[in-house]
Amino acid sequence: MQKMKLVVIGNGMAGMRTVEELLKIAPDLYDIAVFGDEPYPNYNRIMLSPVLANEQTIDDIILNTREWYAENNITLHTSARVNKIDRKNRVVYTEDGISAEYDRLLIATGSKPFMPPIPGNEFEGVLGYRDIKDTNDMIEAAKVYKHAVVIGGGLLGLEAANGLKIQGMDVTVIHKNEWLLERQLDKTAGGMLQKNLEAKGLSFLLNKNTEQLVGDEKGRVKSVRFSDGQEIPADLVVWAVGIRPNYALAESAGIYCNRGIVVNDTMQTYDPRVYSVGECVAHRGISYGLVAPLFEMAKVCATHLANFGIGQYKGSVTSTKLKVTGIDLFSAGDFMGGDDTEEIVLHDAVGGIYKKLIIKNDKIVGSVLYGDTTDGSWYFQMLRDGKAIHEIRDHLMFGQDSLGNSGHQGQDKAASMTNEMEVCGCNGVCKGTIVKAIQDKGLFTIDDVKKQTKAGSSCGSCVGLVEQILASTLGGGYAPPSTSKAVCGCTTKSHEEVRAEIRTHKYLNIPDAMQGMAWSTPNGCATCRPALNYYLLSTWPHEAKDDPQSRFINERVHANIQKDGTYSVIPRMYGGVTTPDQLRKIADVADKYAVPMVKVTGGQRIDLLGVKKDDLVDMWKDLDMPSGYAYGKSIRTVKTCVGSEFCRFGTQNSTQLGIDIEKAFDHMWAPHKVKFAVSGCPRNCAESGVKDVGIIGVDSGWEIYVGGNGGIKTEAAQFLCKVKTSDEVMEYSGAFIQIYREEARYLDRTVHWIERVGLEYVKQRILEDAEGRKAAYERLIYALQGASDPWAERVQNREQHKEYETITV
Amino acid sequence: MSNWVRVAPLEEIPKLGARVVRSKDIDIGVFRLEDDRIYAVNNSCPHKGGPLSEGIVYGDKIACPLHSWKISLVDGKADEPDEGATACFNTKIEDGVVYLELKE
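Chain order of the listed sequences is D and F. The working numbering numbers the first residue of the first sequence as -10 and each following residue consecutively. The working numbering numbers the first residue of the second sequence as 358 and each following residue consecutively.
Some hints here could point you the wrong way.
To be verified - The calculated lysine-lysine pairs, modelled on DSSO-like cross-linking and capped at a C-alpha distance of 30 Å, are: (1) F:K418 x D:K534; (2) F:K427 x D:K425; (3) F:K434 x D:K439.
Derived by calculation from the structure, the hints in this document are not laboratory data.
Let the sequences and hints guide you as you build the complete structure.
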């Protein structure tokens, strides 16, 4: 079958990103031809400033080499400017007479620097700042000339000025506003920035309107004159007062334009065969000049070019960073505020730190950070998510740090780290390795970094730090992942969408679910299969079919795999209470199977470590104790203290309640492991404060805390409610766990789930909706009905469990 | 000369699962794909020696149970960006029984 033809006009970041996204999902659909008017393959335009500042070279910033185009069978025309689109015959023509037919056309012509129509722009030494040629021209000029004037105190202007200063020129920045970066900063932060830049040797003239550029007799610019009559010397003038979308070509072809190529939410122009992405488009009346929105557009556009017909671009909230080494600023959203907004401000003028958050209706709508931007991405994430902040409002200003008490994913560290410092302890990845991978391989997302460097791909505790490094390396190019993300590469559906479809279509096994939801792989991957299996089982208990092959090894064989391939065996001891008989049995088993280590666990039971897989079933038979589920995304233990039975301080029988809970919720699978604790008095010896459900006995009843976690990031559990009887404890905590089981994403601990939905939501479901609470508790009891011990089952049906036996030849 | 050994009837290897075959000096993982293709590789992950047979089988790959390296069962190579490979062995099915060719 003949392939369709896709022609791309514009060999820049937006166009090529779209092609990359397209190749990922539909590699064989099109013959692709790309036209670019620059002589280079696609490069990272946002990294031109570091090139000008001698921090990187042109080679460093090439994103797609010519070999890449060849490998992907893309015909690349460089130095080829398309000047005509014949829509009727579907052909494009270049100035040099090259032509190409298309079935679909993608216009990604970007933008050009805006130069106001004043006298003198024609002189030599006057330029915009857009591409490699401009950058090289500036570097060359700096070798010969002394006085540089940059007109425009925006991001690009300041980066250009900084670069020219580093190239050895005397640089003056002209700005028509009262302060610098007025589109990103308020007056205070703008003033602080100016002071820092002045310390680097830059000069500024604010509130100035440029009236004319004056040339010498050779036709080179020699000075800049302002409306107030002042004139300053200039051998090089760089215009950086804004960009204008390049839409002349599209307009000449009769495609509807309005200050940009007008596109709908699928990035389609008024001609259905023609798509457009990047700085040249006007989407809902807005043209974007930052790279993050362009990538979002590219993703959407690619799905439509691939005929998937999914994905909508609905506009972007953008954030910015200035790529001038040593200056940290961050701004996002509505940073000026107005009559209907509130502000929280922290200002340390001497220390050079300024932070402002704009809040409206309990949500962050904008922020400016200067001097310390470590929490920028955190604030930005909350802004994008529209997260309610009243619960953390009093700590908000002090950053994400202030919320936890240890192990807080290291967001504060990125800036101060040296390249040799380790970021990912699991995989031994240093900061320098990550930065280099981001720059050399042109990475833009956390997933890319994980894949290329392994950083953050194991326990995940350093992902925040990796994200911070990504954000600071990319500057404005970084787009935080949206909250509703695909389960894995096998599908575009989010966890929530998958759950909803399993419910609506009543899928009862994995093949049906994958087929019904159009999975892109024949049998998924190691990420989505366990998630799907759990979603099926938790949505349709007693009906859905459990698939052992979609479970991680530990849950498949009901033991915990160790680094050498041996297993650990932990029998249940309800509430951490044991008997001499049990201990004798455990000791005998440990002797009989020569168990290398016997250890008391943190969950108040005994671990037999170093057991061979072939011995597991025999051992369980000899032990004759139930599985402790110490290996599963399941109920683990209910830790208890001695309680009123023996303890002289105990107010409640915590031991008995712990045993009752552990028995009631035994065999329960969950999105992740679930740990309970019951303490008999507020001294809290069972450590209820760091458990998924922590219960503390008080004189008049029981307090219930939820969402605690003693793991990677220590999280104190939050108070849910106080109840009078142990029956109520069962109902409330059971309902809580059931709603978590039904609504959390696979691999979310309770704390992550609560973080996302908010404690208020949980309270509303458990405390305010008594009917709903009872119903949820009953659903849990129903789900657990008739569950049997997996060890006993395997001892009994040995013949059906060949997987435990090694075949010897 | 060839050195084929009998492993087990096909149905004793679970679909998208594996069995371990122990010869005198090596453990070999024998894997069954969804379409009943059988592959065999040295049961040791090139990363830290994890027992590949215990991982999750998907497509024609295995995810190591220890640190989730993805190894191709067809050529034994680790998925990029990881680097490394594990040895592959020939397999065949005759009359519903799986055989494996040991190397000399």
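Checked hints:
1. F:K418 x D:K534: This hinted pair holds, its Cα atoms lying about 23 Å apart.
2. F:K427 x D:K425: 24 Å, holds
3. F:K434 x D:K439: Answer holds: K434 of chain F to K439 of chain D is near 19 Å, not above 30 Å.
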